[in-house]
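Asker: Between the sequences and the hints, there should be enough to build the whole structure, so can you do that?
The listed protein sequences derive, respectively, from chains A and B.
One point on numbering: in this note's numbering, the residue at position 316 of the first sequence is 432, and numbering is uninterrupted.
One point on numbering: in this note's numbering, the residue at position 224 of the second sequence is 340, and numbering is uninterrupted.
Derived coverage of chain B by chain A (criterion: at least 3 residues anywhere in the stretch with Cβ under 8 Å from a Cβ of chain A; other residues may be distant):
1) 196-204
2) 208-218
3) 222-236
4) 390-403
5) 425-434
One side of the interface only, derived from the structure: several residues of chain A facing chain B at Cβ under 10 Å:
6) 196
7) 207
8) 282
9) 400
Taking CB as the label site, the calculated pair distances span:
10) A:462 - B:343: 48 to 54 Å
11) B:329 - A:159: 48 to 54 Å
12) B:409 - A:356: 33 to 39 Å
13) A:462 - B:177: 55 to 61 Å
14) A:377 - B:362: 37 to 43 Å
15) A:199 - B:175: 29 to 35 Å
16) A:462 - B:318: 46 to 52 Å
17) A:155 - B:140: 25 to 31 Å
18) A:156 - B:154: 28 to 34 Å
19) B:348 - A:231: 52 to 58 Å
Simulated from the structure, these hints should not be mistaken for lab results.
Model, not experiment: these values are computed from the prediction.
Note that the Cβ used here is the ideal one computed from N, Cα and C, for glycine as well.
There are 2 protein chains.
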Amino acid sequence: MSSTRQDAPSDGAAARSSSRRGASAPTMRDIAEATGVSQSTVSRVLSGTPTAVPIAEATRKRVLATAHELGYRPNPLARGLRGAPTMLLGVIVRDITDPFFAGAIEAASLEANKRGYNVVLGHAHESADEAQALTGILEARHCDALLFLGDLRDRPTLIEELQDCRIPVVALWHGSRESGIPTVSVDNRSGVMAVVDHLAGLGHERIAFAGPRGRLGDITEREDAFVASVHGHGLETPESYRIDAVNTYRGGAEALDRLMALPEPPTAIVAPTDVLAMGMLHGAHAHGLRVPDGLSITGFDDIPEAAYTVPALTTVRMPTEAMVLAAVDLAIGPDEVIGDFHPMLEPELVIRGSTGQAPG
Amino acid sequence: MSSTRQDAPSDGAAARSSSRRGASAPTMRDIAEATGVSQSTVSRVLSGTPTAVPIAEATRKRVLATAHELGYRPNPLARGLRGAPTMLLGVIVRDITDPFFAGAIEAASLEANKRGYNVVLGHAHESADEAQALTGILEARHCDALLFLGDLRDRPTLIEELQDCRIPVVALWHGSRESGIPTVSVDNRSGVMAVVDHLAGLGHERIAFAGPRGRLGDITEREDAFVASVHGHGLETPESYRIDAVNTYRGGAEALDRLMALPEPPTAIVAPTDVLAMGMLHGAHAHGLRVPDGLSITGFDDIPEAAYTVPALTTVRMPTEAMVLAAVDLAIGPDEVIGDFHPMLEPELVIRGSTGQAPG
DNA sequence: CTGAAAGCGCTAACAC
DNA sequence: GTGTTAGCGCTTTCAG
Numbered sequence: 117m118s119s120t121r122q123d124a125p126s127d128g129a130a131a132r133s134s135s136r137r138g139a140s141a142p143t144m145r146d147i148a149e150a151t152g153v154s155q156s157t158v159s160r161v162l163s164g165t166p167t168a169v170p171i172a173e174a175t176r177k178r179v180l181a182t183a184h185e186l187g188y189r190p191n192p193l194a195r196g197l198r199g200a201p202t203m204l205l206g207v208i209v210r211d212i213t214d215p216f217f218a219g220a221i222e223a224a225s226l227e228a229n230k231r232g233y234n235v236v237l238g239h240a241h242e243s244a245d246e247a248q249a250l251t252g253i254l255e256a257r258h259c260d261a262l263l264f265l266g267d268l269r270d271r272p273t274l275i276e277e278l279q280d281c282r283i284p285v286v287a288l289w290h291g292s293r294e295s296g297i298p299t300v301s302v303d304n305r306s307g308v309m310a311v312v313d314h315l316a317g318l319g320h321e322r323i324a325f326a327g328p329r330g331r332l333g334d335i336t337e338r339e340d341a342f343v344a345s346v347h348g349h350g351l352e353t354p355e356s357y358r359i360d361a362v363n364t365y366r367g368g369a370e371a372l373d374r375l376m377a378l379p380e381p382p383t384a385i386v387a388p389t390d391v392l393a394m395g396m397l398h399g400a401h402a403h404g405l406r407v408p409d410g411l412s413i414t415g416f417d418d419i420p421e422a423a424y425t426v427p428a429l430t431t432v433r434m435p436t437e438a439m440v441l442a443a444v445d446l447a448i449g450p451d452e453v454i455g456d457f458h459p460m461l462e463p464e465l466v467i468r469g470s471t472g473q474a475p476g
Numbered sequence: 117m118s119s120t121r122q123d124a125p126s127d128g129a130a131a132r133s134s135s136r137r138g139a140s141a142p143t144m145r146d147i148a149e150a151t152g153v154s155q156s157t158v159s160r161v162l163s164g165t166p167t168a169v170p171i172a173e174a175t176r177k178r179v180l181a182t183a184h185e186l187g188y189r190p191n192p193l194a195r196g197l198r199g200a201p202t203m204l205l206g207v208i209v210r211d212i213t214d215p216f217f218a219g220a221i222e223a224a225s226l227e228a229n230k231r232g233y234n235v236v237l238g239h240a241h242e243s244a245d246e247a248q249a250l251t252g253i254l255e256a257r258h259c260d261a262l263l264f265l266g267d268l269r270d271r272p273t274l275i276e277e278l279q280d281c282r283i284p285v286v287a288l289w290h291g292s293r294e295s296g297i298p299t300v301s302v303d304n305r306s307g308v309m310a311v312v313d314h315l316a317g318l319g320h321e322r323i324a325f326a327g328p329r330g331r332l333g334d335i336t337e338r339e340d341a342f343v344a345s346v347h348g349h350g351l352e353t354p355e356s357y358r359i360d361a362v363n364t365y366r367g368g369a370e371a372l373d374r375l376m377a378l379p380e381p382p383t384a385i386v387a388p389t390d391v392l393a394m395g396m397l398h399g400a401h402a403h404g405l406r407v408p409d410g411l412s413i414t415g416f417d418d419i420p421e422a423a424y425t426v427p428a429l430t431t432v433r434m435p436t437e438a439m440v441l442a443a444v445d446l447a448i449g450p451d452e453v454i455g456d457f458h459p460m461l462e463p464e465l466v467i468r469g470s471t472g473q474a475p476g
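Answerer: What follows is the structure, encoded as structure tokens:
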């Protein structure tokens, strides 16, 4: 790293920019002077407003020409000052590294781009100051709207500040319970039910669940649905079959260890995310356990890697694109929204190689 | 989706904002009036400038109080107009969904946050208009600097426009060859050499390579290094052992199919990314091939999932944080840079379960 | 110590 | 058709 730095402190900004930044960006006034018209005429030509007032074709051409020649770029700050939208969509997420949220961000970015928006990333990172994300992204930037990905309800000040913020805020995968902000959610109950039905149909009677506990939001909904579904099949869910696990690969691997150390280990494990399930797949392999012969494992989300694990993962496909579309609509239109909608979309069971007949 | 929309068209923006947007944001003038001082005094108190001119403690307190009471937030657009930096770092990437780049974005975001910056995401998505990313992010937003992730050299207009752009641009994983922009790169040669040495040490003599071809940048450097290393061990690299594969899980799985269909299949495959290697792991499993007993597979990058595949992946760890740090330094400081540096960092071999003794 | 005023780049009345 | 003017919210001289 040291090779990238200089020893003597000096004006970094000047040094950095000197290589390319020539004269400062040309303004409308520069064009006006160069063309010999008034600055407002330039504005009329360049602002793209569909000829609020007619402009002589000759003038227009000349202005356009010099503008191009000077390499003119409109100054978005000045436009923004005049009340134009910033065309910036803030997306706040805890961890971009989670493949599921990476996919969601991708979808949001694509959806935003379609509408001429760009995405500003906000971190609600564990290590960061709680208010940081909001202060940084919301107040310091002028986003036109904000998307919240995942359950951030354990960031109380964050949620609170959101209530009286001046721009639309929409939450995704924030659970379906009311929390004061418009929310787009998925039907966790039906997704988990499909999984448990599938497992029960394969003859499994000892089914466990491992995931992050004590938080609100989707994960807890999935655990609750798990318990209800298993009971619905006349099966038991002893406390030992519901264990806490952080939502990482490692968390999944460790959860598997603990479950397999039980006097009577489960024959199937339901994970509330694919990330956890992938960790379990790895853990099972480390135990010398064959999936699905010795153990069935299911995930939730259907992230891209789920189709390419060893073996491929049976999971519940999240309607990510549709959810993001709904959320972006709620946030920045173009569709109008009256009142606070809380659309809930349906997931779909995807059966692959990680589930099979119960052993024995 | 239809439930999220209304039938009758109306003013979407108004409807969306009506629920929370009250009076427009308080300005310094509002505070000035409420406090009974002049607007410039308010500015002096609030702008945080370390007392360019002394302010009476009493006035200061009163201003601060009303500012807080009114919920004042500085308007970044107005500040920017006055020449203040936007504190926005543009990050242009082809695919956020690639776990490797997701990690890089995370690192960049963290590093930017440390410096008070936020990250604006730009897509150089295949489907998007080439100029879109640049136009959208660079010209429409006023980023203070730009980071390019991955090899975007097949976007000629993009690169071209970058040359004469007014802000610092730094490229990462763009290959180490000159391309006119400051670049932070990794020593692909030494990484691949370590892998091939490891494989040769395990007795492998038929080693194949599969990755995207015909592009410049890191991947090609890895392929070249592969050929050189294998020859260095006195081994052959027939054309059939170097095949084209798109950099996806599916691309990896398909490459494995083709390699295994060869009359004399390789006993080890070197993949230039972990994503490809993971696809190969899956493909091998689908073929009933055991890794590493029947086949060794190596990756490159050491993405988080690499430690949790089945089996865990032998790979080359990318010094992502260090590289991003160097790039952000080059782009926005605080360290000054004289001239165009092209730091190159060292990767490190990580041996896990996907490589073993050559069969037979 | 504080106020008045200019101006960043742009848009939008309002003149002519 | 085009020019003049005011002003978005803020920082920054310049006068008091």
